[in-house]
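K.L.:
Residues 1 to 378 (full-length UniProt numbering) make up the sequence shown, in order.
Honestly, the hints are just simulated from the structure, not real lab data. The C-beta atom is built at its ideal place from N, Cα and C for all residues, glycine as well. Incorrect hints may have been included.
[To be verified] Here are the computed lysine-lysine pairs in the DSS-like style, where the Cα-Cα straight-line distance is at most 27 Å:
#1 Lys187 to Lys117
#2 Lys187 to Lys301
#3 Lys301 to Lys117
#4 Lys301 to Lys353
[Said to hold, decoys possible] Simulated restraints on C-beta separations:
#5 Ala344 to Phe173: 43 to 51 Å
#6 Asp275 to Arg340: 17 to 25 Å
#7 Gly342 to Arg271: 26 to 34 Å
#8 Ala164 to Trp254: 41 to 49 Å
#9 Arg340 to Thr308: 27 to 35 Å
#10 Ala142 to Thr308: 16 to 24 Å
#11 Gly342 to Ala237: 17 to 25 Å
#12 Arg340 to Arg271: 22 to 30 Å
#13 His341 to Gly180: 17 to 25 Å
#14 Ser352 to Arg115: 19 to 27 Å
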Amino acid sequence: MGHRHAAPRVHACRRPGGCAGVRAEELFGSATHQCRLGQRRDDCRTRGNRRRCRRLQGRADVRYQPPRRHAAQADGRVEARGHGLEPAHRSARRPGRRLCPPPARCGSAFRGSSRLKISVITVAYNAAATIADTLRSVAAQAYPHVEHLVIDGASTDDTAALVAAHGRPGTIFHSAPDDGLYDAMNKGIAAATGDVIGFLNADDYFCRRDAVSLIAAAAAANPEAAAVSGAVAIVDAAQPDRIRRAYAPTFAPWMLRFAHMPPHPGFYARRSVFDRLGGFDPALAIGADFEWMLRFFHDAKLCAAPITPTLVTLRDGGVSNSGLASRRTINTEALASLRRHGIASAPPVIWSKYLIKALQYVIPPVQWPAPAAVRWPA
Numbered sequence: 001m002g003h004r005h006a007a008p009r010v011h012a013c014r015r016p017g018g019c020a021g022v023r024a025e026e027l028f029g030s031a032t033h034q035c036r037l038g039q040r041r042d043d044c045r046t047r048g049n050r051r052r053c054r055r056l057q058g059r060a061d062v063r064y065q066p067p068r069r070h071a072a073q074a075d076g077r078v079e080a081r082g083h084g085l086e087p088a089h090r091s092a093r094r095p096g097r098r099l100c101p102p103p104a105r106c107g108s109a110f111r112g113s114s115r116l117k118i119s120v121i122t123v124a125y126n127a128a129a130t131i132a133d134t135l136r137s138v139a140a141q142a143y144p145h146v147e148h149l150v151i152d153g154a155s156t157d158d159t160a161a162l163v164a165a166h167g168r169p170g171t172i173f174h175s176a177p178d179d180g181l182y183d184a185m186n187k188g189i190a191a192a193t194g195d196v197i198g199f200l201n202a203d204d205y206f207c208r209r210d211a212v213s214l215i216a217a218a219a220a221a222n223p224e225a226a227a228v229s230g231a232v233a234i235v236d237a238a239q240p241d242r243i244r245r246a247y248a249p250t251f252a253p254w255m256l257r258f259a260h261m262p263p264h265p266g267f268y269a270r271r272s273v274f275d276r277l278g279g280f281d282p283a284l285a286i287g288a289d290f291e292w293m294l295r296f297f298h299d300a301k302l303c304a305a306p307i308t309p310t311l312v313t314l315r316d317g318g319v320s321n322s323g324l325a326s327r328r329t330i331n332t333e334a335l336a337s338l339r340r341h342g343i344a345s346a347p348p349v350i351w352s353k354y355l356i357k358a359l360q361y362v363i364p365p366v367q368w369p370a371p372a373a374v375r376w377p378a
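Could you build the full structure based on these sequences and the hints that come with them?
P.N.:
Quick look at the structure:
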């Protein structure tokens, strides 16, 4: 008698209780094993299903089971179509990729976003020269549920008067001495009541009226993401309409070793993330936002949904890129944070990131032409 008339072989996925306890190697290797024994016909359809299984095995969080040919084998079956199972987005196919969901679309992604409250925190100290642009850009946002908090370090200039004149209705203004930038940011986190929280510094501003709408839409369209990350543009401090360089939100955890991180002014995280990870380390002078990103991406293994449009404009010459001394400080703090979190790195590795960044400085400033962007001249 041939193998086709031998005692029936029980497939691994026909065990009582369905497929919940089946190992991946059993699920994806049993068909090939049966073909070798002659107990299973190998035709074009089954070969194609096996190839799809192998591709999906490493790319999807959901186990894909090809449809069976006989009705008697239907127990525990997951259909190939009709259940919305699809591979992860191409940005998440590499192991460890954390910017996993696809970029948010500006149209259909708005469903459900109107229920989210977005908290925008601005930390200021004697920022009368630039904070008016920040306040105007927040006040002009079309999204209705925006909470703007201005945490002031007891400024002695006209910062308070500018907040009263240009702030969005309902702006929360708190002025008191603090212990530095990150202490003030932690005060803002504690006072915020929004579902999603982000920071817009006193010398930065939203470059489009729908920036907060895009943030809310991306958070609503990607509930599995712990944060959303938008692109930022750096402009000449003296000529805000001259863009010097732009940072896209593309990021992978291996970049942490080089002290790379998503642009913090375009990074908005859910409040539950701050409740879980805590605030910023006030003991660090410049690099506390990078240390927080290590907790987000490396320790907690969370992911952020990228937003393609440029959301925020930064003036060149901030505290982290104002000269060689500031770069030396931030790289020293970044190396200490990496070692604290168990990531191997070295000063030459961290400083090598400037070889790539040098290209952004070689390109001469160009006119900031985006028609959808709105600039707020001082």
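K.L.:
A separate judgement is required for each hint: does it hold in the structure or not?
P.N.:
Hints versus structure:
1. Lys187 to Lys117: Within the cut-off at roughly 18 Å; holds.
2. Lys187 to Lys301: holds, 26 Å
3. Lys301 to Lys117: The given pair, whose Cα atoms are some 25 Å apart, holds under the 27 Å limit.
4. Lys301 to Lys353: holds, 23 Å
5. Ala344 to Phe173: 43 to 51 Å: holds, 44 Å
6. Asp275 to Arg340: 17 to 25 Å: holds, 22 Å
7. Gly342 to Arg271: 26 to 34 Å: holds, 27 Å
8. Ala164 to Trp254: 41 to 49 Å: Holds: the Cβ-Cβ distance is about 47 Å, inside 41 to 49 Å.
9. Arg340 to Thr308: 27 to 35 Å: holds, 33 Å
10. Ala142 to Thr308: 16 to 24 Å: holds, 19 Å
11. Gly342 to Ala237: 17 to 25 Å: Since Gly342 and Ala237 have Cβ atoms about 38 Å apart, the given range 17 to 25 Å is violated.
12. Arg340 to Arg271: 22 to 30 Å: holds, 25 Å
13. His341 to Gly180: 17 to 25 Å: Given range 17 to 25 Å: holds, Cβ gap about 22 Å.
14. Ser352 to Arg115: 19 to 27 Å: violated, 44 Å
Hint compliance for this structure: hints 11 and 14 are broken, all remaining hints hold.
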